[in-house]
Amino acid sequence: MANKKQYIFDNPKNVKRLLTVFYVLCALLLLLDFVIDRHIYHPWENLWGFYPIYGFVGCVVLVFVAKWMRTFLMRPEDYYEKLEEARFQKDQQLTKGDNNVDA
Amino acid sequence: MWMLEIPPFVPFFIGAVIAAVTRGRLRGLVMVLIPVLSAIHLWTVPEGSHLQFAFLSYELIPYRVDKLSLMFGYVFHIAAFIAIIYALHVRDTVQQVAALMYAGSGLGAVFSGDLLSLFVFWELLAFTSVFLIWARRTQKAYTAGMRYLIIQVISGLLLLVGALFYAAENGTLAFGYIGLQGIAGWLIFIAFGIKCAFPFAHNWLTDAYPEATVTGTVFLSAFTSKVAVYSLARAYPGTELLIYIGAAMTCFPIFFAVIENDLRRVLAYSLINQVGFMVVGVGIGTALAINGAVSHAFNDVIFKGLLFMSMGAVLHMTGRINGSDLGGLYKTMPKTTILCIVGAASISAFPLFSGFVSKSMVMSAALENGHNWVWLMLLFASAGVFHHAGIKIPYFAFFAHDSGIRASDPPSNMLIAMFIAAALCVGIGVYPAALYSLLPYDTGYNPYDATHILAQTQLLFFSALAFVWLNLKNLYPPELRSTNIDVEWTYRRVLPAVWQGTVAMSQRVYGLFSQSVTRVFTLTTNYLAHKNAKISGLLSDKHPAGSMVLWVVVILASYLLLTFLQ
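Keeping their order, the protein sequence lines are chains A and F. So the first sequence is residues 18 to 120, counted in the numbering used here. So the second sequence is residues 12 to 577, counted in the numbering used here.
Chain F with its partners taken away, still in its complex shape:
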């Protein structure tokens, strides 16, 4: 069937072109139809490589379908569909085009069967998504977008160099298991790691996402980091290092999240925390763990999208997003409040919500494989994520002290998008078999046994109890207008300072140097001139121009005489 050969990114790119030239309802219709049609098409596509050709003696496979890529393909369609509905009211053509291109690039990346195609989409992800940040059109968003772009491009370049080394080492560009062998393995690992927000390389995410537009952040939260998780699951399953990296990723962001004031930045930190669970799953690498990582990525796209949408709704309606400025919004935004709580319950992995059925797989796998300390860290992170994303976000936005803001619920397209996401969160939580049937492996896992439910509920309720207790005792850190420094401090503060210092220093050194050179030079010329004046007084001293002419005439005349002599 010829339709087979159309990779999913093609309809999105065509849609982007149409979105660029249409306006109003027509554009809305086209944008909504594209993920729907593309998803229906993808549903009918069997597994296998559907598009391949030779390029410089290498086999390129821009369209390869298997269970792993399908899983991400499906969820990217869902995410694109929800986010497009959420952004239907946006009139900004730049944003709409960029969003479609970005979603298409994400789909292109997960269906890439070779490293070169992956690299192309990897860079496209960066170049298309940055417009969703710049579209905020503030100085802050511009500089944050620049930093974001630079870091993403560095990741892309590492991937390209790694791919070239890989091709040299193995004679193929096929994108399969790579592993941490050789320089290629490490370069590609670091490239994936930057996009995956590994510790110390994570700051682009918390820097840029909260600066993007209301609707842009919803798109951003779905694709980039999940493409990285997919790539790790494809190329580095069972790499032990990933377990520890992932465990660190689950734990450190929650501390920052507790003291962060910008609620969208709190969500960005919890995004890293959730990706950490997936990275741990990939690192363990057993069938159950990979299933857990992939299904958690699936669920995370939806519930994190829902949370970003609810905070976006708050920002859209009130113009504020700092916890210190908000509060009491449940009074006039009841629908948003409830939808946000559904998202919060899902990310906290309450039984009957989507997070529960996927996160517990990773935790069980960690225990089964004897990673006791990692399991304890994950347990701590589960409690912590409930604390900051599950309680802090809804509490400070919608309850807490009354800020006096009386904003109403957002436009209906935003509510519908949030409602779809919330319905999926609950649907997957109640009936996980639908999700499990899509997973790469069949493990017969059942999350709903009494032990699991009780353990998780106890953990969450007593985390909540801790919050209540701390709040009643006034021990909970208040939301303060502040910036918390993170790794970005090194490149936003230290590096510029060092650079300025270096420039100032080199200017001074150069000044001193050029002064001394000039002095030596003048001294030397003066000295020579002095000498010269002494020895060559006869030829160079104060002769009138007429005598020079005379001597020239004498010389020419002697030439003339010499010619006669011959």
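Just chain A, with the same shape it has in the complex:
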């Protein structure tokens, strides 16, 4: 395509900047754990960094399990259509005189 315009994330520097800001925010949030006195409902919430760790580990586990699920769930894109179409064509052939002895 002739579109040579540079967009904001075409520049790897900008991506890096965004990620740096994001890392700093993560670190800040973790540090806030020491500052903010939270009222808790559950003893686990008292563990240091419970929410950040749970979020991080939970998502990594989620992705790995989902990836593993692909091994037995994934089929070609036309998995259902192929079968349904094959059946459709078979029906069609029959009506077109598959049993016609003169053919």
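Hints should not be assumed to be uniformly reliable.
[As the list claims (entries may be wrong)] Label pairs and their in silico Cβ distance ranges:
(1) F:ILE25 - A:PHE81: 33 to 43 angstroms
(2) F:GLN192 - A:ARG55: 12 to 22 angstroms
(3) F:VAL164 - A:LEU45: 50 to 60 angstroms
(4) A:HIS59 - F:GLY35: 56 to 66 angstroms
Quick caveat, the hints were computed from the structure, so don't treat them as lab data. Every residue gets a Cβ at the ideal spot worked out from N, C-alpha and C, and that includes glycine.
With the hints as your guide, set chain F onto chain A.
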């Protein structure tokens, strides 16, 4: 006031008739005005039963207004208004009429005060919405619509049979608390469960919604599942089983969503996940939990609609919806990108967005009532929904690798609709008191305390960190052109195979059977004929026809003689 007696579905059905006979700008005007006028009318209606009559000794209440039904009534008007604006450019009369009928049926269902009226609207929801799927006019959409319709009708029939049992057991058809007692309670529970996409009964949703038209899916996402949530909240609050069903609903779809390629199907999975939160809330059944469930349904209609609209805009402008084909669209669709991110932030329950003020109510209620494991599952699901709906959707559609597609932002009616939805998401998130004032109970809940905000922000940021880390390490599963099998595999693959096998087998058995019968039959007749030939040679063997005539003459003559003898 006579106006009181007009239930909200009536203007929508009248609108559908007008939409069927008008075209162009006039139809657009009528369609936009209907939800507005109907909403203004609904705003003035006080609580109570406004329409009731006797039918076969049962009291029917097609129009009953209370806080619970009003909440859904309001949000259905908002959803209809937004989706109608989004669909203003559509010239297909079938879709426009079906959409209005569908919205009207949803409103009819939530204002039904008895089970029979509920059943009527329940089935109307199915029969009107299926046209929004068929309107795609592809072979795939046709078969998906058929499967959708069959499952919805089964749900309706269960509801009808359950209602009849209920009437026999209790002598009334009133639609109130039912509970899991007796066969009626269970039948109606299963009927609601199918429409609510309970695990194993959920596949109609992820099968059909992504096959509907661009605008049709926006309508579909708003009504059917929320009517089911409303019905559960009305008939089964505090049913413990619902807590576990709901918790399962929040968790299992996110795994499918992570590996799904069709981005609208990803949203369909996250719709089940969000409904799971509501079901948990209904199951806990305390004032806070019901408030949470209802307000989350309210918010979900808007932010899920916004997400479906943004993906619809992508499909509309590029003709593609698979994550593997998209990417880099932020360059030429900046407005859609931003609106989609607002929706993503809302569904992920970021502070200052609508999801935050409602989802946290359900989570707090789960903790308060000692459902620690359920709470952990909900927390995992919150992280997971951010992962697939909050990050995956915008990332793979608008960022990721540059697909080279340079589609522009969609037509302005679509942008306006998305903008209204986004404004509501932010508005409710910033000023939740407006939403809370509509809720059925007054709990004095405040989502904005430091603990909540910090906990939720930490959870979300570190979920995002996990995504960034996995992506940088190339561990994130790439978007692949594929189909992932789900429960539908049983009825799209196994059942047909079993059926074909059975048919082939029965044909073979029948063939063998008829062959042997024919053989036995021929043998028997041959045997008899042989015997016959031996014993009756005199009477049956090779006499000419003339001799037969002679004998007949002899017999007749003897009859004649006998008459003379008398």
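To see whether the hints hold, each was checked on the structure:
Taking 33 to 43 angstroms as the suggested C-beta distance range, the pair ILE25 of chain F and PHE81 of chain A does not conform, at roughly 54 angstroms. For GLN192 of chain F and ARG55 of chain A, the Cβ-Cβ distance of about 42 angstroms falls outside the hinted range of 12 to 22 angstroms, so the restraint is violated. With their beta carbons about 54 angstroms apart, VAL164 of chain F and LEU45 of chain A fall inside the hinted range of 50 to 60 angstroms. The hint said 56 to 66 angstroms for the Cβ distance between HIS59 of chain A and GLY35 of chain F, and at roughly 59 angstroms that hint holds.
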